[in-house]
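Participant: Residues per chain are reported as follows:
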Amino acid sequence: MAEAAGGPIGAGRYPYFYGPEGRLVLVDSALEAVSRGSTTIGIKTAAFALLASHIKPVRPLIDPAEKIFAIDGHVGATGSGYIGDILQLIDELRLEAQKHRLNFESPIDVGSLTKHLGSFLHNYTVYAVRPQAASVIIAGVDEIGVQLYQVDPSGTFFRGSGFAIGQSADVALDVLQREYSADMSVDQAVALSNKAIVRALGERPIVEIGVVSAKDGGRFQKLH
Amino acid sequence: MAEAAGGPIGAGRYPYFYGPEGRLVLVDSALEAVSRGSTTIGIKTAAFALLASHIKPVRPLIDPAEKIFAIDGHVGATGSGYIGDILQLIDELRLEAQKHRLNFESPIDVGSLTKHLGSFLHNYTVYAVRPQAASVIIAGVDEIGVQLYQVDPSGTFFRGSGFAIGQSADVALDVLQREYSADMSVDQAVALSNKAIVRALGERPIVEIGVVSAKDGGRFQKLH
Amino acid sequence: MAEAAGGPIGAGRYPYFYGPEGRLVLVDSALEAVSRGSTTIGIKTAAFALLASHIKPVRPLIDPAEKIFAIDGHVGATGSGYIGDILQLIDELRLEAQKHRLNFESPIDVGSLTKHLGSFLHNYTVYAVRPQAASVIIAGVDEIGVQLYQVDPSGTFFRGSGFAIGQSADVALDVLQREYSADMSVDQAVALSNKAIVRALGERPIVEIGVVSAKDGGRFQKLH
Amino acid sequence: MAEAAGGPIGAGRYPYFYGPEGRLVLVDSALEAVSRGSTTIGIKTAAFALLASHIKPVRPLIDPAEKIFAIDGHVGATGSGYIGDILQLIDELRLEAQKHRLNFESPIDVGSLTKHLGSFLHNYTVYAVRPQAASVIIAGVDEIGVQLYQVDPSGTFFRGSGFAIGQSADVALDVLQREYSADMSVDQAVALSNKAIVRALGERPIVEIGVVSAKDGGRFQKLH
Amino acid sequence: MAEAAGGPIGAGRYPYFYGPEGRLVLVDSALEAVSRGSTTIGIKTAAFALLASHIKPVRPLIDPAEKIFAIDGHVGATGSGYIGDILQLIDELRLEAQKHRLNFESPIDVGSLTKHLGSFLHNYTVYAVRPQAASVIIAGVDEIGVQLYQVDPSGTFFRGSGFAIGQSADVALDVLQREYSADMSVDQAVALSNKAIVRALGERPIVEIGVVSAKDGGRFQKLH
Amino acid sequence: MAEAAGGPIGAGRYPYFYGPEGRLVLVDSALEAVSRGSTTIGIKTAAFALLASHIKPVRPLIDPAEKIFAIDGHVGATGSGYIGDILQLIDELRLEAQKHRLNFESPIDVGSLTKHLGSFLHNYTVYAVRPQAASVIIAGVDEIGVQLYQVDPSGTFFRGSGFAIGQSADVALDVLQREYSADMSVDQAVALSNKAIVRALGERPIVEIGVVSAKDGGRFQKLH
Amino acid sequence: MAEAAGGPIGAGRYPYFYGPEGRLVLVDSALEAVSRGSTTIGIKTAAFALLASHIKPVRPLIDPAEKIFAIDGHVGATGSGYIGDILQLIDELRLEAQKHRLNFESPIDVGSLTKHLGSFLHNYTVYAVRPQAASVIIAGVDEIGVQLYQVDPSGTFFRGSGFAIGQSADVALDVLQREYSADMSVDQAVALSNKAIVRALGERPIVEIGVVSAKDGGRFQKLH
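Chains as they are written, first to last, in this note's numbering: chain H, 49 to 272; chain R, 49 to 272; chain L, 49 to 272; chain S, 49 to 272; chain W, 49 to 272; chain Y, 49 to 272; chain A, 49 to 272.
Treat the hints loosely; a few may be bogus.
Stated by the list, open to error - Which residues of chain H face chain R? A partial, calculated answer using Cβ under 10 Å:
#1 Ser77
#2 Arg84
#3 Arg107
#4 Gly132
Said to hold, decoys possible - According to the in silico footprint, chain H covers these stretches of chain R (three or more CB under 8 Å from chain H):
#5 170 to 178
#6 201 to 207
Please keep in mind that the hints were generated in silico from the structure rather than gathered at the bench. Glycine included, each C-beta is placed from N, C-alpha and C at the ideal position.
Generate coordinates for the entire structure from the input sequences, incorporating the hints supplied.
Facilitator: Here's what the structure looks like:
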C-alpha cells in the first residue's frame, strides 16, 4: 500500500487530535482565530501593570464591546479571539477568584489564578470538544508584587513585562520591546501601548485601558 | 505527503469544529441561516426602546407568526433565524427572568439576562450539538435605564442604540444610522424602523412592534 | 487549497447539522418525507374547526389506518409523514394534555399544547438523533375560542384558519384559500376539504374527518 | 459548489438517518431483510383469527423453529425477518401483557399491546442503534372482539382481516384477497393460508398454525 | 463523482449495521469467523446427548485447549469461533445456571438457558459493539428429557438431534444426517462424530467429547 | 452497485471491528505489535516453571527494563508487546491475586488468575477502545502443581510446557520443542531458553530469568 | 476486492488506534511533538541527580518559562513536549506525592511515583482521547538512594543514569554516554549537561537546572 498516495491513508496516520509533525490541529485553528482578534497589549513594571485592547470599530449606533474586565479587586484581564470564548474564560476567572476568597478568606495570587485558567483551557485539548479560541492577558498585584501573564488556547501560560496578542501581534510586540522601560510611568505606558496598536493596525484605533498599581491598595481600575 | 492535494488532508487539518482560518464552521452556517430570516430592528433612546420585526407574508388563511415577545414585565425580545431556535431562546430568557424574581424578589437587570443568553448560546458551539441559528434583540428598562442588546449564535452580544438582523440587515442598519436621533419620539422610531425594513426588502411589509419606555413604570408592550 | 474543488472540503464546511446556506439538512429530509405523506387539511371558523385526512388506499383486507386522533375532550389532531413518527407525536400530545389536567385540574389551552409539541420536535434538531418526519395539525376549543395550529418537524408552528400538509399540499391550500368563507357551515367545510384533497390527488379519495365546535361543550368528535 | 456533483456532498446532504427523498435508510434495509423472511399469514373473521407461518425447511436432524408464539392466554403472534429480532419482540409482547395483568388484573386489549410494540420499534429508528428487522402479526380476542394486527420495523401498525409478510408476501396477499370470505370456517382459513403460502413459494411447505376463537373463552392455541 | 459509481453514496445507503439486501454485515463477519473455527458436533437421542469438538493441533509443548465445558451438573456446552468469545459465552451460561439455582433452588431447564444465551448474543447486534464471533452447542437433560440446542452469533437458536458448526460444517452435517440413528448407543455416537469430523477435515483429528445421559442422574461428563 | 468495485463499499462490508474473513482487525494489529516485542520464553516441567525474556539492548546509561514480574508469592509473569500495555496487565494480575487473598485467605490458583486476565483482555475487543498489544506468560505453583500459561490480546489463553512470544517466536519455539525434556533441571532450562533466544535473534542477548519450583515452598524468584 | 488498492481499505485495516505494523498512531504523533520540544537532560550518580532543560529563547519582555519543577521535598521533574501537557503531568505528580504523604505519613518512593505517571499516561492511549504529548524526567532521593527515571507518552518508563529528551535528543545522549563518569561532581554534571545541550542545538542556550543530592537531607533544589 503506497503511503505516499496520501489521502485517506493520511487521514489514518494523523487522526482527529494530531496533524503532521505532531501538531495539535484544533489548537492551531484556535490560534489562527486568535491571530484575527483585536490587537491587545499587556505592560508591566515594578509599579503597575496595564492592559490595553483595541476596540474594533463598530457601526455608529452600537456601543463598543467591553474588552478590559475586572476579575477581582486586585486583578483584571483582557483577551483576543472569539468574544463568546473570551467571555466564558473571564467568567471562569471570576468564579475561581471568588471561590478562593470563600475558601481562604484572602485574595487569590495571580499565578494560581493563571494556572487555573491554563488547566481549564488544556482540558479542551484532550477530549472531543472545541478548544477555546482565545488568548488572555491577566494583570494583578499580590504579595509577590505586580504580575502580568498571558494564557494561550493550549493552556500554556507565560509571565512577563510585555505581551501582545491578536491581529499583527508581532508588530505590536516589536514596538513594546524597543521602547519598554522598567521605570516608565503609567502615562508613558498608555502612550506606548497606543503606539504599538497604531503600528500594528496602521490606523488610529479606539483603545480600552485598565491599570493596577502596587500602591493605592493594588486595585484594578479601568482608565477613561 | 502533498498537503496542497487537499481533500481528505484538508479534512484532517480542519476537523469538525474549525474551518479554514480558524472559522467556526457550524456557527457560520447558523449565521447564514440568520441572514435569511425576517428583517428585525431594535432602536433605543434614553426614553424608550423599540423592537420591530418584519412579519413574513404568509398565505391568506395562516395567521402571521408572533415575532415580538414579552419576556418579563420590563423586558421584551425578538429574533431572526430558525423559528424553532428563536422560540427556544425566548423560553430560556423567560425562565431566567422568572428564576431571578424567585431568587432575588426583584426584576432581572437586562445586562445579566443578555449575558445568560450569550452563555447559553456559547455552550452549543463547544460540544457536538447544533449551534442555534438565531440572533436575538433584547429591549428593557432597569435601574441603569433603557437598554438594548443584540445576541448572536456564537454567544457574542452587543449593547447599542440601533440594531438590525435578518435579511438585508446591512441596508436596514444604514437607514437607522443615517436617520437615528437621540431625541426622537416613539412614533418617529416606529416610522424609522418601518422605513428601514421597507428599504431592506423593497416592499411594504407587515411589521410587528413592541416598546418599553422609561416612564409609565417601564412596562414592555406590543403596539396596537 | 481550492475550496471550489468541493468534495471532502465541502463535507468539512457543512458538517452534519447544516448544509449549504445554513439549511438544516436532516429537517429538510424530514420535510421531504412529509411532502410524500397523506394530504391532510385543517379548516377553522369562529364556530368550529375541522380536520380532514386522506386515507391512503390499502389492500382489501386491511383496515384503513386512523388518521384523526382525539387528544383530549376539547382537542383533536392529525398528521402527515411517517406513521410511526405521527403516532409518537400524538402520544406526546395526549400525555401533555393529561399532565395539565392532573396539575391544574383544567383542560390545557390549545396554544400551550401546540407550543409543547413544537419544543418537543425542536429538541430532535439539536442533538445527533433523527428529527421526526411528521407535520401535525391540531384543532381545539379553549377559553379563547376555536383554535387551529400546524406544527412542522423543525418545531415551528403556525396559527390559522386553513392548513394543508402532505402530498400536493400546495394545490390543496390553493383550493382552501380561494373558497374559504368565514361563515361556512361544517357541511360546507367538509365539502371544501374533500374538494381540496380531490384536486391535490386527482382522484376520489377516502377521507377521515374530525370536528370540534364552539357550541355543544366544545367536544372533538370524528364524523360518522 | 455544484450539488449535482454528488458523492461526498451527497453524504453531507443525506446523513445517517435519512436517504434521498427523506427515506429512512436503515428502516428500508430492515424491510429488505423482512422481505426475505418466512412467508407468514394472518386471517381474521368475526369468529376467529388465524396465524400461519411457513417453516423454512431445515436439515433432517434439526427441529423446525417455532414461528407461532402464545403471548398471553388470549393473544398469539408470529413474525418474519431476523429470528433474533423476532424473538426479542415476542419477549417484549409477553412482558407487556404480563405487566398489564399485574397492574390492572385483567388481560391487555390487543390494540394497546400492538401500540406498545409499535412504539418499542419506533424508538429504534430515532437513535444510533439498529432498527429491528422484523414484521410481526398479532392475533387475539378482547372485549371488542377478534383482532388482527400487523406491525412493521418503522413502528407502523395496521388492523385488518388478512395480512401477509415475508418472502413473496404480495403473491400471498393476492390469494388472500381473492378468496377471503367473512364467514369462512377455521378449516377453510387453514386451507386458504396454505394455498397462499404455496403460491408464494411455488412448493409445498411446512406451515405452523395458531388460532384464537371468539367462543371457547378466546384461548390462543396452536394447531398440530 | 457519478452516483452510479457507488462508493460514498453506497456508504450513505447502507450505513453501519445493514449491508446490501438488509444483511447484518457485522453478524455476517462473525459467522465467517465461526466457519473457520474448530469443527464441532452435537448428537442427541432420547437416551443421551453428546458434544464432540475437534481440537486443533497445537505445537508439541502446548496443551490442547479445552473445548467441552460443563455448565451445570446437568448441562454441558461447546462452541466454535473466536476462543475469547466462546469463553465469555460459557461464563455467561454458567452464571445464568447458578442464578437459577439460587433463585428457584432447582436446575435450569435447557430451553431457558439457551434462550438466555440467544438474547445475550442478540444484544450485541443492536448497539455499536462487536457481535460475538461464536456459535455454541448446548446439551443437557431436564424434566422434558434430553435436549440439544445450537445458538448463533445473531442470537438465533435451533433445537435438534444433530448439529455441526465450524470448519466444513456442511460436510460433517451430511455425515450425521446419513448415518444418524435414533437408537444408537453412546459408543456409536462417538464413532459417528469422529467420522463426521474426519470427513470434514480430511485428516485424523484429536477430538474432545462430553456426554449427558437421561439415566445416571443426568450428569454431564467428559469422556477421556 | 458493483460490490467488486471495492473501496468504500468494502468499508461498508467490513466495518470497524471485523475485517475480511471475519478477522478482528484491531486484535490483528495488536498481535503485529506483539510480534515486534522482546523474544520471551516460558518452560515448565513437573518440578519448576521458568520465565525468560530478552532484554532489548538499551543505551549505556539506561538501566534495562524489568521484564520478569513477581505477581504473588507463588506466581510470576512476563510479557511481550507495548511496555505500557504489559505494565497495565501485570498490575491487573497483582490486583486480582491480592483480591483473592483478601476474599478467600488463600493464594489464587494459576488457572483462575489466567482466566481473569483473558476475560480482562477480551473486554477490550468488544467495545470501541484499544485492544491491548501484549501477550503474557504466567508461571506459578498451586495445589494442582506447576503451571504455565500464555494469554494473547484476544483474551485467548493456552496451558503448556513451552511457550515463546515476541520477535521470531516461531524460531524460538522450534528450539524449545526439539530440545525440551520433561526431566531437565533448572540450569538446563536456563541454557535452553538462552539458546532459543539466541537462535531467534542471531545475537547474544541479555536475558532476565525468573523461576518457581514445586519444592522450596513454591516461591517465584528472579535468578541472580 | 483488491486489498492492494489501498485507500479506504487501508482505513478499514488500520482503524483509529493502530497504524501499519501495529504502531500506535496517536502516540507516534505525540512522540513527534516531543522530539520538537526543548532539549532536556537527566544525569544521576550515586551522590546526586541533576535535571537540566534548555529554555527556549523568548522575546525580550517575556520571562523564560519554568522547566524544572519541584514535585515534593525529595523529588523534582522536568519535561519536553507541549507545555500544557507537561504542566498537567507535573500537577498529577504533585498530587500523587501529596496523597502518599496524607495516606502513609511518609514521602513517596520515586519508583512508585514514576509508575503512577506511567499508568496515568497509558490510560490516554486506550480510549478516544488525546494521548499526552510530553516525556518527563523525574529525579529524587528515597530509601533506595538516588533515582532517575524517564516516562514517555505511551506510559513506558525507564530507570537510568543519563537521559535526554526533546530536540536532537540523540546527539545530546551521545555526549552524555561518552563523557559520563560515575564519580563526577555536581559541577562536572552541570558542565556535561550544558555541553550536551550545546551540541544538540549548535548554539549557547539558556539552561535551567535542578539538583537533588543524597546528603543534605535529599532536598530537590534549583540551582541559583
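Participant: For every hint, state whether the structure bears it out.
Facilitator: Status of the hints after comparison with the structure:
1. Ser77: Since chain R brings a Cβ to about 3 Å from Ser77(H), closer than 10 Å, the hint holds.
2. Arg84: 7 Å, holds
3. Arg107: Given a least distance of 6 Å, the restraint on Arg107(H) holds.
4. Gly132: With a minimum Cβ separation of about 3 Å from chain R (threshold 10 Å), the hint on Gly132(H) holds.
5. 170 to 178: holds (count 5)
6. 201 to 207: holds (count 5)
Of the numbered hints stated above, none is contradicted by the structure.
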